[in-house]
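Q: Could you fit the two chains together into a complex? Lean on the hints.
Protein sequences, first through last, are from chains A and B.
Start counting the first sequence at 237; every next residue gets the next number (our numbering).
Start counting the second sequence at 6; every next residue gets the next number (our numbering).
Worth double-checking, as some hints may not be accurate.
[Said to hold, decoys possible] Per label pair, the in silico range of CB-to-CB distance:
| id | chain 1 | residue 1 | chain 2 | residue 2 | range |
| --- | --- | --- | --- | --- | --- |
| 1 | B | 23 | A | 287 | 28 to 36 Å |
| 2 | B | 366 | A | 275 | 53 to 61 Å |
| 3 | A | 279 | B | 79 | 23 to 31 Å |
| 4 | B | 64 | A | 332 | 49 to 57 Å |
| 5 | B | 80 | A | 279 | 47 to 55 Å |
| 6 | A | 275 | B | 66 | 24 to 32 Å |
| 7 | B | 103 | A | 332 | 39 to 47 Å |
| 8 | A | 267 | B | 108 | 26 to 34 Å |
| 9 | A | 280 | B | 78 | 54 to 62 Å |
| 10 | B | 66 | A | 279 | 19 to 27 Å |
Note that these hints are calculated values from the structure, not bench results.
Beta carbons are placed, not taken as given, at the ideal position from N, Cα and C, and that holds for glycine.
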Amino acid sequence: MSEIGLFSFPGAGPLWLSVRLAAVTTVLLVLIGTPLAWWLSRTASRWKSPLEAIVALPIVLPPTVMGFYLLVVMGPYGAIGRWWVELTGETLTFSFAGLVIASCLYSLPFAVQPLQNAFESLDKRNLEAAWTLGASRIDAFFTVAVPQSSRGFLNAVVLAFAHTLGEFGVVLMVGGNIPGETRTISIAIYDQVESLNYGVAHRLSAILLLFAFSVLLLMFVINRRWQQP
Amino acid sequence: MNAVTNSNPTVDIRYALRLGTFALDIDVDIPMHGITGIFGESGSGKTTLLRCIAGLETRGTGRLAIGDDVWLDRSRNISRPIHEQEIGYVFQEPRLFRHLNVRRNLEYGQQRTTMKIDRVAFNQAVELFDLQHLLDRSPADLSGGEAQRVAIARALLRSPRLLLMDEPLAALDSARKNEILPFLDRLHNELKIPIIYVSHHIEEICRLCDHLLVLQNGNVVAEGELQAVLVRLDVPTLSDEEAGSVILGSIKHVDKTYDLTHLAFSGGELLVPGCIGQIGDERRLRIRASDISLCRQRPDSSTMLNILPAVIEEIQPASGPMLLLRLRLGSDRMLARITRRSCDKLALRPGDELLAQIKAVAIRN
Numbered sequence: 237m238s239e240i241g242l243f244s245f246p247g248a249g250p251l252w253l254s255v256r257l258a259a260v261t262t263v264l265l266v267l268i269g270t271p272l273a274w275w276l277s278r279t280a281s282r283w284k285s286p287l288e289a290i291v292a293l294p295i296v297l298p299p300t301v302m303g304f305y306l307l308v309v310m311g312p313y314g315a316i317g318r319w320w321v322e323l324t325g326e327t328l329t330f331s332f333a334g335l336v337i338a339s340c341l342y343s344l345p346f347a348v349q350p351l352q353n354a355f356e357s358l359d360k361r362n363l364e365a366a367w368t369l370g371a372s373r374i375d376a377f378f379t380v381a382v383p384q385s386s387r388g389f390l391n392a393v394v395l396a397f398a399h400t401l402g403e404f405g406v407v408l409m410v411g412g413n414i415p416g417e418t419r420t421i422s423i424a425i426y427d428q429v430e431s432l433n434y435g436v437a438h439r440l441s442a443i444l445l446l447f448a449f450s451v452l453l454l455m456f457v458i459n460r461r462w463q464q465p
Numbered sequence: 006m007n008a009v010t011n012s013n014p015t016v017d018i019r020y021a022l023r024l025g026t027f028a029l030d031i032d033v034d035i036p037m038h039g040i041t042g043i044f045g046e047s048g049s050g051k052t053t054l055l056r057c058i059a060g061l062e063t064r065g066t067g068r069l070a071i072g073d074d075v076w077l078d079r080s081r082n083i084s085r086p087i088h089e090q091e092i093g094y095v096f097q098e099p100r101l102f103r104h105l106n107v108r109r110n111l112e113y114g115q116q117r118t119t120m121k122i123d124r125v126a127f128n129q130a131v132e133l134f135d136l137q138h139l140l141d142r143s144p145a146d147l148s149g150g151e152a153q154r155v156a157i158a159r160a161l162l163r164s165p166r167l168l169l170m171d172e173p174l175a176a177l178d179s180a181r182k183n184e185i186l187p188f189l190d191r192l193h194n195e196l197k198i199p200i201i202y203v204s205h206h207i208e209e210i211c212r213l214c215d216h217l218l219v220l221q222n223g224n225v226v227a228e229g230e231l232q233a234v235l236v237r238l239d240v241p242t243l244s245d246e247e248a249g250s251v252i253l254g255s256i257k258h259v260d261k262t263y264d265l266t267h268l269a270f271s272g273g274e275l276l277v278p279g280c281i282g283q284i285g286d287e288r289r290l291r292i293r294a295s296d297i298s299l300c301r302q303r304p305d306s307s308t309m310l311n312i313l314p315a316v317i318e319e320i321q322p323a324s325g326p327m328l329l330l331r332l333r334l335g336s337d338r339m340l341a342r343i344t345r346r347s348c349d350k351l352a353l354r355p356g357d358e359l360l361a362q363i364k365a366v367a368i369r370n
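If we strip away everything but chain B, and leave its shape as in the complex, we get (with noise of 0.2 Å):
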């Protein structure tokens, strides 16, 4: 497997650095397409990794290449200054300019960068992010919500190769952190620039991202596609309460009396509450584990709209009162979060066929 670089462009990033008792050492290869998550418990070094990324944390050692364009190579001596890295940094709080008003704050970066053509206009970023009523204001009378917006249009319009997400949404209460994420969709759905987005949110990380890489005292513990991480037992990070499964489905049939939409996906057809777009329209499916029951046989009668037939594909090996299977339904892969007792009660087995009781909530708009 020698030349695939050339065909398909990754970001490749590599960092060793020991600060203090904690160390990071990092190897890997992202695409340069999409939102690639980085998700791992505080401390596990998610916003070191991105200010390594960003030339802002310069001990260790490192290497970081953009598709063949080499931007850092300590080993060779290459390293290019912060401002000269096309990077946009958008961190946890806007850290906007305040003796700057809105649209110098949006300028000040389109102003420095070296790109001959934008790669986001400045228009485009003011309607992306609905801030024309806001230009002329002071960012101390923005609401923090509209701050942070601020921010991440103004990362975008200094144009980067890579615009780097460092929790944006920390800072924010929920309310205001429903006001934004339509936003992050637009992004995630208008514009080609690929984004590495930190969070210690699973929800936000399965609504946003397409890639997946998961941290943990330092190391990358998981990586590869949202889909395909998110179901492995073998991520302590991933195998808590929050636990869960994303699936795509395209909307089959809109059940106005009911407020229910129907969904189709390789494993057959799941109803969601809410009338969530248009037949045709593809949606992004959130199943958590604990929101999915096993049983051998169909029950005459259950409240449950989902039961679909399932295959347990492997069960975690576990000690505690809960454990994880994973199933396959169609072609997608599914957690269910039962009791051991259950699972011995039950003698499932790998292989085994059954029907789960399905709870989907949509989370893409």
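For reference, chain A alone in the conformation it holds in the complex (with noise of 0.2 Å):
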């Protein structure tokens, strides 16, 4: 992919990259996420804890232990891998779409557990009273349930962006290092600095930090703000 006229500097392909792919696992995640962490939040499953351990498990595994099962699950030889090929001829492993799944494992916590959270805190009582006022369970969940839980999407969709974003060990174990396709910012910035380009890898690093600070700040801001009545 060629570089894009406004950010045509060293270094626009793979944040342009890091941006699609982050924008895409956020939107994915907070369609899987939601139903999950609301499941989460209401069963008494015994399936509960051991669900909830292996969402939390990209937090604690290091991320080149994750990125070698996913590769030997996603390559051609792997169960998701073959499965893939044949549906669409192509390998799942060193290709965008390899690098989505991925993500939306490596940062299931990240929205999963503040949504968790946010429907834990959830007055009960209040979907009560929508029910008796004449919604259904789903129109009750998005009329009442989702609109009370801003603040856990807002972190959700926060969290997993920028923790996608600046993913760098499962990248390079599953997508490996393609300009356009799987070269993210982080191995961008890996490959400036074992190439010795101090100064491309000093811009992309600032870009990177000036962000991750602008979007936690927003959201302390903005999580500050709804507390108070």
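A: This is how it looks when you write it as structure tokens:
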């Protein structure tokens, strides 16, 4: 992929790729994470704790370990990888699609945990009120539970996005370093440092640093404003 | 007595439910008009029964029919999801949606009603509960009383065929209670929706309700017309210090000099404090059993305003210091609470004619 007009500096391609990856991953994680978090917040099932542990694994697991297993499973001879090859004719590893799947798993806890916390602190009595006012379960979920958990959604989106943007180990293991396809910004920084291009590495690192700080600042400011009634 | 259901429709409520050591076992018909009070101590099953009726409690077996409409019959596998039951529910706390302003809260149920015609119009509810100036506010900016008024109006705007109220005043202090009670009076007087009103405050029940159902340990121990149930001597829940009766009087004379109102009822005339209305108005009076004393002869001079002839109908068997008597005055009945000692000393027997000295209070304006 060629560098895009406005951002035609070395590293613009990887930056853009990272943003795309983070955006797609975040959207998918909200879609997958919301029902999962809802179920975890309400269930009394004995599968709750094992599932919570699995969701939280990426927090403690070294990214290379996770990346290694994903490489095995998603490789052309792996369980998922073989199926993907049959379906699309392409390999899942070293592709953008593979990166998206890996990122979703890697950032899962950062989306699920804030959502689960928000759902658990929801006043269930409000849902009862909504039902008695004629709202079906799904209606009450979208018109009462979701708006009243908006802070949880904000945190989930911000954390999932920011965390995906900065991932390195998993990307390196699963995606390698293919320009325009899997060379994300953190890989690009590593590359530039390897080839002693400290100037470019500095610029890219500063962009990430600034981004991470502003996102967190924004999140804390909004959270604080929400706390005040 | 067959086929009376059509001419006199009722709400048929049957539930059997076991929760740990508590068992609810209910089988009653309540009228399709007016307010039916459910009275009982905490833990008697009042809220559980209400939650069963609303469909919020789905354990157990039961049947619920509004007139000929069967909403729930577990034995025939008939049940409706909660949101399809045309029931309004007012909880102890307002449960307003904090992310919506008052107007949107009110509209929430109205927009979801399946009725073609609203039983209660938006403007009617707003006017009835005096909410006009609150419509654009956030629930966080309402006082407890205002929030509960919004909650009641919101439940009404769902156009329910049955309105359930679970101690809607319990979370409010007495000043806020008095702020809301007049609105509940209006609800009673102006709307045709049958209401089930749960309370453990006999004062509220006496003021608002037309019918009464007394619960004890998950069972109905008394039910019927309010005035008739209140004067039963065999219902322990109704026999404590708060025991009393309710009678209806119509205003005959307003005494501005002494600030008293004369009310006529079947047993004579009662004077109550305050100028409480116009001549001809009907007023509900609550007479506590402990506010009646009895004497064989008319005292020459007494500070009691009301001394009326009464007949003893029944004396409660008792072993404690106090007992209750049921008196008949005209066609009305009242309870009197006296010491067992006085009862023996005056040798009171059912059928005795004597004089009752009565302190009455008007409870509904």
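Q: Each of the hints needs a verdict: does it hold here or not?
A: Structure-based check of each hint:
1. 23/B with 287/A: 28 to 36 Å: holds (32 Å)
2. 366/B with 275/A: 53 to 61 Å: holds (56 Å)
3. 279/A with 79/B: 23 to 31 Å: Between residue 279/A and residue 79/B, where Cβ atoms are some 25 Å apart, the hint holds.
4. 64/B with 332/A: 49 to 57 Å: At 51 Å between Cβs, range holds.
5. 80/B with 279/A: 47 to 55 Å: For residue 279/A against residue 80/B, whose Cβ atoms are near 30 Å apart, the range 47 to 55 Å is violated.
6. 275/A with 66/B: 24 to 32 Å: Distance hint for residue 275/A, residue 66/B holds at roughly 29 Å.
7. 103/B with 332/A: 39 to 47 Å: holds (42 Å)
8. 267/A with 108/B: 26 to 34 Å: For residue 267/A and residue 108/B the Cβ distance comes to about 32 Å; the hint holds.
9. 280/A with 78/B: 54 to 62 Å: violated (29 Å)
10. 66/B with 279/A: 19 to 27 Å: holds (26 Å)
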